[in-house]
Every structure is written in C-alpha cells, then in structure tokens.
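If you're matching them up, the sequences are chains A and B in order.
Sequential numbering of the first sequence, starting at 1, is according to my numbering.
Sequential numbering of the second sequence, starting at 1, is according to my numbering.
No lab work stands behind these hints: they were computed from the structure.
Any given hint could turn out to be false.
[Stated by the list, open to error] So, partial list: chain A residues that the calculated Cβ filter (under 7 Å) puts toward chain B: (1) L7; (2) E9; (3) G14; (4) L34; (5) E127; (6) D132; (7) R136; (8) V138; (9) L141; (10) S142.
[To be verified] Straight-line alpha carbon distances no greater than 30 Å define the calculated BS3-like cross-link-like pairs of lysine-lysine that follow: (11) K130(A) x K69(B); (12) K123(B) x K109(B); (13) K130(A) x K91(B).
These figures come from a predicted structure and were not determined experimentally.
C-beta: ideal position from N, C-alpha, C; glycine also.
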Amino acid sequence: MPTITHLSEAELFGLAVPPAGSPEALPAHLSDCLSCSRALQEWKAAVRALAAEDAEEISRRSEEEWTAAEDRTLDAIRRVRVGRGGSGLRWTVGIAASLLLFALALPVARMRHEAGRRTNAPEMSAEDQKDDALLRDVARLSRGEDAGGAWNSLAPEPGAAGNSGEEDRL
Amino acid sequence: MTATLTKTWLATLALVLAAAAPLIAAPEMPDGKWWKRPRLAAEIHLTPEQSREIEKIFVQARTRLIDLKADLEKKQLALQSSMDDQTVDRKAVERQIEAVENARAELQKARALMILDMKQVLKPDQWERLRQLQQEMRERRQERRGASGRD
Numbered sequence: 001m002p003t004i005t006h007l008s009e010a011e012l013f014g015l016a017v018p019p020a021g022s023p024e025a026l027p028a029h030l031s032d033c034l035s036c037s038r039a040l041q042e043w044k045a046a047v048r049a050l051a052a053e054d055a056e057e058i059s060r061r062s063e064e065e066w067t068a069a070e071d072r073t074l075d076a077i078r079r080v081r082v083g084r085g086g087s088g089l090r091w092t093v094g095i096a097a098s099l100l101l102f103a104l105a106l107p108v109a110r111m112r113h114e115a116g117r118r119t120n121a122p123e124m125s126a127e128d129q130k131d132d133a134l135l136r137d138v139a140r141l142s143r144g145e146d147a148g149g150a151w152n153s154l155a156p157e158p159g160a161a162g163n164s165g166e167e168d169r170l
Numbered sequence: 001m002t003a004t005l006t007k008t009w010l011a012t013l014a015l016v017l018a019a020a021a022p023l024i025a026a027p028e029m030p031d032g033k034w035w036k037r038p039r040l041a042a043e044i045h046l047t048p049e050q051s052r053e054i055e056k057i058f059v060q061a062r063t064r065l066i067d068l069k070a071d072l073e074k075k076q077l078a079l080q081s082s083m084d085d086q087t088v089d090r091k092a093v094e095r096q097i098e099a100v101e102n103a104r105a106e107l108q109k110a111r112a113l114m115i116l117d118m119k120q121v122l123k124p125d126q127w128e129r130l131r132q133l134q135q136e137m138r139e140r141r142q143e144r145r146g147a148s149g150r151d
C-alpha cells in the first residue's frame, strides 16, 4: 500500500497566499485528500479575514498598540507550545504566518495611507487638487505669509507657511 | 548709504503693513478644499448637500480669487524688482508697497466673504467644530515646529 504524503503547512500557506501574477497550480493530491483540502480552505479563510482588516485602521495604530499586539501574539504562541505539545507546531506555524502577513500588510497599508495624504484623499479629482492649491495660495497670501525669500517675508509668523501637513491628515 | 537706509525704511514699513493685515483678518477655516477631505467632513458631520452648497459658493468665488491672486503676485513682483534696483525711487516704491497691500486687502476681502457664505451653510456646532479642528491643527503645527527648533 503506497504511503500518502500530505501537504505541509508551508505548502498550504503557499497555496493560500500565492505569489502575485499567475495563479498557483493546485497539486493533484488536493482532489483526493479531504483532510488537505479542508486545511487549505481554513488557510484561505484565515488569509481573507486578515486581508479584510481595514487598512486605515491598521495604519492608525500607534507604536504602543503594535508592541501590545506583538506581545499578545507571542504569548499565545508560548501557551500553545506548552498546552498542545505536538499539535502546537501547527498553531505556531499558523500564527507565525499570520504575523508574516501582518508584517507584509503593514507597509502596504502605510503606503496607501501616505499616498492618500499626499494626494489629499482619493475623493479629490485633478480639478479639485488644482482648486485646493489655489485656496491654499489665497489663504497664504491674504495672511501675508508670502514665501520665496522675498524681502518682506524676513520675519514670518511662527507656524505660518508650509503648513498643510496637519490638515492633510484630516 | 542713503539707498540702504531708504530700503531699510521701506522694508520696515512693509513689514508693519503686513503684520497689521491679520488684525483685520477674516474668520479662519482650514485651508484648501477642506469639504472634500473625507475625514474632516466626517468630523463635522458634513452632509452631501452641504458639501455641494459649499462647492457652489467656491465656484462662484473662484474666478475672482484667481484674478485677485494674480494681481497681488504681479504687484509683489514689481515691488521686488524696484527693491532690487540699485537706484531706489523712494516715492515709487512707497506707492508700490501700498499697491501690494491694497491688492492683498482685496484678496483677503474676497476670501472672507467666501468664508462667510460657507459659514451660513454650516450649523453653528459644525462651524464651531471646524474652528476647533483648525485651532488644534495650528497648535500641533506649532508644537512640532517648537520641537524641531529644540533639536
């Protein structure tokens, strides 16, 4: 009787999170093995749940919140190792993979957030952005915050010019 | 020597005029198209209808703002050229300073009236919250500047 080789956690993870580009071909074993097929579905569900987390929410987390989340995850890994013995490995791999996903998702979320800030939110069309610049210039000029090193701007108001950063956050 | 003294005097006069401008300043609100910024709009519970109304007010004021801004910039440029000139005509520069500040006052007035019209669209608590946000942003900016100044 031939020995059945089930898919490893790493292989299942690879199938659940295929590299960008062409879709990963599924191993023939999956169509025969109910256990591996179910495991893959679980992995996919976990990945979807992680991906569904609001990118904005993630990017707003402070350093302390990230540290706390990391500590909680590491504690969970330690508890699983102690309490579940051999099967703990499966959980450890799963949690480690989740952490990896978070680590990958965070820069993407931050990039999206930063891009949103730079472009003044996706709701603004090119026309809106031009108007936005006009209004900022008008505000700056009417407040007497003339930039460009002109002789009459030697002593600008404290916190006056070049001040859009805070507002862009809103 | 006389030219340098004249330049200094004129620069001082312009600084005094520029410093006086904010005293007659318009009611403030966040710069730019703040009603198009989703988080800010959410913060003050701006309705889509209010947003449309505010956009309409801006569109009505836009052409005049563009003209007045260009006028001010042209006058600033002319003044700058005169100030950079080796032979300063004191009277001419004085007139140019006045022209710059008059142009600025016109721009300020147009902006203030636009803000006033926008204010009418908002409910008092929305207006108050908007001003609060503007104040918070300004304070954070100043704190950050203070911190970077200490570094």
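ask   = Out of the numbered hints, which ones does the structure contradict?
value = 1, 2, 3, 4, 5, 13
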